[in-house]
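Engineer: In case you want the letters, here they are:
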Amino acid sequence: MSDPIYFGAAYYPEAWPESERPYDIKMMKEAGMNVMRFGEFAWHKMEPRPGEYDFKWLHEVVDDLAANGIKSVLGTPTATPPRWFLKAHPDAAKLHADGYRMPHGGRRHCCSNNPAYQEACNRIVEAMAREFGDDPNVIAWQLDNEIYSFSTCTCPVCEEKFHRYLEQKYGTIDALNAAWNLELFSQAYDSFDDIPMPVHGWQSPHLKQEWKAFHYQSDIAFIHGHRDILAKYVKVPISTDQMPVNGMGYEEMTEPLDLVMFNHYNTKENIHALPFWFDHLRTLKDHPFWNTETATGWNGSESCVQVMKPIGFCRLNSWLPVALGGEANLYWLWRQHRAGHELIHGSVISAAGRPLPMFDEVQQLSREFAVAKDFLRETKVDTPIAFHFTSLGWQMMGIQPVVKGLGYESALKEYFYQPISDMGLRPDLIGARKDLSTYKVLFTPLLMSLEDGDLGDRIEEWVIHGGTWVVGPCTDIRTAIGTHYIDRAMGRLERMTGSKMLGAMPDGGTYVRSKWNDGEDFGANHWQEVYDPAEMVETLVSVTDGYESMKGGALLQKIHYGKGVIYLLGTLPSEADMKKIVRLVCADVGIAIPETSGRVLAIPRKGDHREGLILMETGNEPATYILNRAMTDILTGKTYQGTVELKPYDVLVLE
Amino acid sequence: MSDPIYFGAAYYPEAWPESERPYDIKMMKEAGMNVMRFGEFAWHKMEPRPGEYDFKWLHEVVDDLAANGIKSVLGTPTATPPRWFLKAHPDAAKLHADGYRMPHGGRRHCCSNNPAYQEACNRIVEAMAREFGDDPNVIAWQLDNEIYSFSTCTCPVCEEKFHRYLEQKYGTIDALNAAWNLELFSQAYDSFDDIPMPVHGWQSPHLKQEWKAFHYQSDIAFIHGHRDILAKYVKVPISTDQMPVNGMGYEEMTEPLDLVMFNHYNTKENIHALPFWFDHLRTLKDHPFWNTETATGWNGSESCVQVMKPIGFCRLNSWLPVALGGEANLYWLWRQHRAGHELIHGSVISAAGRPLPMFDEVQQLSREFAVAKDFLRETKVDTPIAFHFTSLGWQMMGIQPVVKGLGYESALKEYFYQPISDMGLRPDLIGARKDLSTYKVLFTPLLMSLEDGDLGDRIEEWVIHGGTWVVGPCTDIRTAIGTHYIDRAMGRLERMTGSKMLGAMPDGGTYVRSKWNDGEDFGANHWQEVYDPAEMVETLVSVTDGYESMKGGALLQKIHYGKGVIYLLGTLPSEADMKKIVRLVCADVGIAIPETSGRVLAIPRKGDHREGLILMETGNEPATYILNRAMTDILTGKTYQGTVELKPYDVLVLE
Amino acid sequence: MSDPIYFGAAYYPEAWPESERPYDIKMMKEAGMNVMRFGEFAWHKMEPRPGEYDFKWLHEVVDDLAANGIKSVLGTPTATPPRWFLKAHPDAAKLHADGYRMPHGGRRHCCSNNPAYQEACNRIVEAMAREFGDDPNVIAWQLDNEIYSFSTCTCPVCEEKFHRYLEQKYGTIDALNAAWNLELFSQAYDSFDDIPMPVHGWQSPHLKQEWKAFHYQSDIAFIHGHRDILAKYVKVPISTDQMPVNGMGYEEMTEPLDLVMFNHYNTKENIHALPFWFDHLRTLKDHPFWNTETATGWNGSESCVQVMKPIGFCRLNSWLPVALGGEANLYWLWRQHRAGHELIHGSVISAAGRPLPMFDEVQQLSREFAVAKDFLRETKVDTPIAFHFTSLGWQMMGIQPVVKGLGYESALKEYFYQPISDMGLRPDLIGARKDLSTYKVLFTPLLMSLEDGDLGDRIEEWVIHGGTWVVGPCTDIRTAIGTHYIDRAMGRLERMTGSKMLGAMPDGGTYVRSKWNDGEDFGANHWQEVYDPAEMVETLVSVTDGYESMKGGALLQKIHYGKGVIYLLGTLPSEADMKKIVRLVCADVGIAIPETSGRVLAIPRKGDHREGLILMETGNEPATYILNRAMTDILTGKTYQGTVELKPYDVLVLE
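Chains A, B and C are the protein sequences, given in the same order. Note that the working numbering has the first sequence beginning at 1, numbered continuously upward. Note that the working numbering has the second sequence beginning at 1, numbered continuously upward. Note that the working numbering has the third sequence beginning at 1, numbered continuously upward.
Hints are computed from structural coordinates only; laboratory data are not their basis. Treat the hints with care, since some could be wrong.
As the list claims (entries may be wrong) - For the chain C half of the interface with chain B, some residues (derived, Cβ under 8 Å), not all of them: (1) His-206; (2) Ser-366; (3) His-484; (4) Tyr-511.
To be verified - No farther apart than 27 Å at their CA atoms in a straight line, the calculated lysine-lysine pairs in the DSS-like style are these: (5) Lys-404/A / Lys-268/C; (6) Lys-268/A / Lys-647/B; (7) Lys-161/B / Lys-87/A; (8) Lys-373/A / Lys-647/A; (9) Lys-551/A / Lys-29/C; (10) Lys-647/B / Lys-551/C.
Just so we're clear, the structure is a prediction, and the values are computed from it rather than from any experiment. Beta carbons: idealized from backbone N, C-alpha and C, even for Gly.
Sequences are here, hints too, so could you generate the full structure?
Structural biologist: Next up, the structure:
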């Protein structure tokens, strides 16, 4: 029998009287839940005094849940060291750029680079591992919680390690001075120890990029250290739950972990971000990912409640990860905190123990996941289309946005991902390390540098062997550390395409305008790179108005390279033009495009023996999808043929 | 002969050549003023060197004014210690959370908890008291000035006293850990001395609430100490002038004082706040309150002038406190500063000594107050309707707004107070300690906790004896320190009403919609608490659309309790629906509702022998009010009958 | 043969391999450039270790350029000391008010008052001077770069010097206390050393004004010191390139310098600021000014690109300084930085060496400047109309805006300068020290104090001898340090005009309305000063509505004074009313007003033997100008008569 779809919530037994537990478990069963996630912040309860462990209460929770058919996911509590730790090691607190130490009372206020903190973390992780390493009711482990740094620590340990990081990478200070071009402004440093942390003043973008990268690597190493300890004791999957923002090295973080855990609090307004993320997460590991946190009804981190979500949103939101390749959907949180931070956040039941209004949807989900379980377990999302979405690209554009206000993740979504998703196609969003061999078509927009491991070489190889690559704009225009090339406008694209960049400018079609070969207007946004309409290449879109030197230049070219094809694109196209490009490319490689209307998400699922299609309406408006054969909805048993009419937030699991 | 209505301004003789005084006094008499307020910041002039006092100049000012029929209100100058004080005690300056000490040069830059500062203040207060304690021309005393803390001091004295405050309140650190639920995030403290001041990082709402309360109590104790010294020497009323913001404990502050002094700088845009405040101030003490500061024409604290006020506004604005229960209206300031901070603020005369454009209105006011004096002295505002407006409610909702952006004072005004005031009714806005026995109807919306002294018990008692209580939303949903109840949704309301909260959600009628029993739509805002339509209670408004589990639930119920009635309300109603509720309730208890149009403020005044009605137009638009008998305007002698047509900013004192 | 118009760019040879130089020079010649500006930040390359100089590379650059017909402007690199300097003198870094030292890596991070920094700067300036003092290919020197202080240094040296500056100015602390009126708030200081730097807390406007003035004077002295060193060695003009903001003492700074260098980055949106500034710059020195920095196509200081400029803007923008009295237009920068700060800023060629799209316009400009050179060299801008635009006025209104949001520079532009410029008239914008004798008409609006050297006396003298002075609003209303007069509303204007200010108020015609004598409405903005309609003066605009005491008062009066005339204006007039005032005044003194439409800039040029008119369209829309005689465009040879139709961004050099 296959595993269930995991359905549950975050549970904080350390913060409740034991006497409440039977009631909670009764309600969990009413909700249809099969897994609870806990322990993540309960260090003080596990180790009330240094070296004095108490796991009895935690065993009881695991056992009580198990006795009621509910599995456990244990979290290591390293994000919240007890008060005794900071008292003994006050300099382990993050030093804020404004000069104060982060105080006890919140989360992640200790420095990942601090040796005393690392040691204390290692000890509690190992203690938990010894205690629960072979507990059959613990089915997965979560390390720490949401380790990402909005404000970077500036303590002496970080400063020193940053200098050593730079020394390790650049070898000599002269090499760094040369790479960063530091004769400019007389910046040149005499020693690695002279380099300031870029938290005050006006600082070089290359320094800023390395500072970010250094902190990302520190956090990644912190998690990997715990993983190595835990892996000695446990056989079940180990992960860390992340809330991906700002482009930490996600492939690097994920590499030694067993699965991807993801927390999100998206609402009606930004639900479009979810398929985007899930299309990415499923490509990171073979193991289906987990959605470890999302809200049932509303968010409320700051002691007040934010936007209410529409009726039906809870169901749609909970189905999204599962339909798009995950195996779990867990809420944050099971029961509203009775006191403390976030005490009014949406949950499954209230502090007083009463079901929240969307409890019906929660119960419906548990029934539906059970019904669809075999189909979901026996099929996977399957697509020949990939998009690049890389950490380095995100980091670099965060520091050098090219055009004011341009954001890597948001522009990728708006100008490239959303049109293709709305066409009923399903792309994989892949990192820089992902193997390309299974894809027919690859989109690489807004990726400022291709100097990311062997990425450039692997793409070139893949094109030579027959791949179709849609590349640009703002792609391949920087080295790995964010500097310009000086003997060419792009790293490898001019060589590969035989084309030449005539000019690049922050104009979204106001002054420089262009048309398709068929005479239709072409819509540009934010930035335009205009290419030489060279003889060897086919120009699909040409500049018709603007600077004399740009007229006749190309904004979209098609170039044959080896057995493959390169589409070189010079701007962020209008929605209609992006769809036109997709149709051209799909026609080239023989990908069928379904007929749809509205915001319908189409998810092709394929297994060894089964094949199906999940359709989801994400805009809270009616939508349609035309089937090319009769299919039956596993959830309702109803059979569809031809045009499927989807109701707002509808979910159909068709086979 | 009864006392006059006090009419005057703030005067800064210490900042002018003596030779200007005769001219100033001549102009004060032309303006018709009978009182001046001064001394509040003149510490350096009174005590130029430590222990060396000079009160001669101050006596001369008091005497010169008296010789011209103008009384004096003396202020103690503790808000602005001389330079020699901070030089001797640099650590008495407030320590800002960003790490710097507040510098000399402004106001209230010293820490109310600092012993050296307290001692120096006590000495100057006592010196003034000895000197002027029995001066018959000093008719009142003002302590300090506008003592409220936007930014709380973080000095070691405050930190230590805060720890002792917590220890005093919670007894043991385990009790505090339990009350605040500090196993969450491993926050639990090992000692009171471990608790951080919540000025950095992400901190518990309960810690934040206690930190605010601690600082409020420090400021209150600071003022009370001075009051105790002064009271040994003076017989006339003692107060402190406050600018109520952020919910300091106003009842506690006012308790040992003799009257309430109030400063405000409202403009055309926020004039609606004024009746609200005056309806509150008059309930704090039996003695009529003073409006100690307001602008004649414009505000200008930052060396520039802000919004101009309309013609007629000065008159309306000056009448408001007097009509609503005060006995004084004083401007800030008499004459524009010739130099220094705020040197362009609106005043009565300019720095060059010339009348400001609204001088005519000032003169008119002095005549009108004289004419109406006896009526005003012999009657009081008299109403059977009360609203709760408590400091704890304000503090708690400031930290836990329930729904993003919800403000206690502003929502109370907009959704509850304004509709009732616009209906021509006059509520008392009462604090938590106020006796309820004189009221027939009590509204208690948005009061998150009823655990405020014996408030809950007293309300219950009052209802049992026949009161009509309109309660909710967001009321009784937290303990005194802001935590949830865990065995019930509300502290006492479920027990009292026999009703049960089915759900509470941040929805203002977008997804969950409701209707009155008569089929009319009911408009909800921001937040909805839906109740069980239990058999014992009468449901007036029911949910008709939305989550299945909410449908049929009640948003407004009427419950008989003892001899009284409870209206349980689950949301912030639309204006029309609030008025409908008020009409229902008034019909129940036999309160007549006048017919009005526009923004007319109706103020019933009643004394032992006289009775009248003040009508004021506050929207700068025409308005009407239908009299139920013929009445005569004391100001003009004109008699009105039936419909009174009010001109923009009109003031009629009818008897 | 006359000198050329200098046309070039900023060049950073220190940041490029030598091997790139021939290519760069080849492209400079293609662009038609005759001057490069460099050295300004290359301290580390010139003095890699303390006292160890290397100028060989710099000689080679100067020589290579010279060999290709390109002259050099050398910059002293004092804005960017090398790393070794701050390492030896960490306390020479500016101390930020938030408590941190500005780090190495940016620009102008050292304190102009620090002796060690001053000494190091003096040494490198002298070393450069010895080396290049008589190099015939160096045609001008630039000292430092953009020395203006947004955030003032708060180091102990600055604090001490500030105290001595105050002592020097006020003599005794009692004099300062009296002048600043410091009995208010008990601020009075016991010693100059007690005075805080006004960077925290609420501080006196007079203290703030002196703090700003002190820092401006420090920066000016810093530059003047370098000038004195350099002047011992060089014969060619010496200047410093400034980006005037916030009202540093520009006349004082410029006094000992030989010419004015100006940097700006204005765009289509704020191009109106440019004629304003150039009309000012040409009045500062007899030597024609230089526009040392502007962008060809877009700005991009923060690693991203901002607004694109329209086609033709580069040409218009480059012509503006030259047409309005300058002799040079240089771009920042020649070639995009290959790495580092600002690496995506608009330039002439890209980092990869490719011409930017507006390269055609650059080439056109070099041809046009060559063709028009003789006309431009043999004529000057010539006008009988002046406007005051003073540093003290700017400083004072920055601290005391009178009305919230009122800005000296922006309001001067919008309400006074723009209407007159749009009428085809050309004003000189003059500082407080400028001789008035050549002007027939002088406008002095918004100048809060006339106590600026002998300014007041000189104006009065000039009026007495026949000048026509349009004065007000907000003029003469403060002493030199920003305090009120107390025995009169204005310093000298009431005496000179025989009129008296009845009232002043922040009303832009909402409540107080007025009309011209001919019955036309008069439009006021922001602020109104109403004058006594005295018998001796002619009232042109009177108040018709509003406060009783203002009705009949004057907003515009005409007064004969000596042989001259004073127009006393009480508000910021509407555009139409400002034009009406200008027509009245011009009719008085016999200045002809051309007929124009649109945003045409008319620049009369006159020399000993030649006379002409430059017309420029600045609104990117068609415009017209009616010639009173036939004229020929030097650029195209085309002859115009009667109505000239200007195309968007057109430039005609008519003779």
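Engineer: Next step is simple, just say for each hint if it's right about the structure.
Structural biologist: Verification of the hints:
no.	hint	in the structure
1	His-206	holds, 6 Å
2	Ser-366	violated, 48 Å
3	His-484	holds, 4 Å
4	Tyr-511	holds, 5 Å
5	Lys-404/A / Lys-268/C	holds, 17 Å
6	Lys-268/A / Lys-647/B	violated, 49 Å
7	Lys-161/B / Lys-87/A	holds, 20 Å
8	Lys-373/A / Lys-647/A	holds, 23 Å
9	Lys-551/A / Lys-29/C	holds, 24 Å
10	Lys-647/B / Lys-551/C	holds, 22 Å
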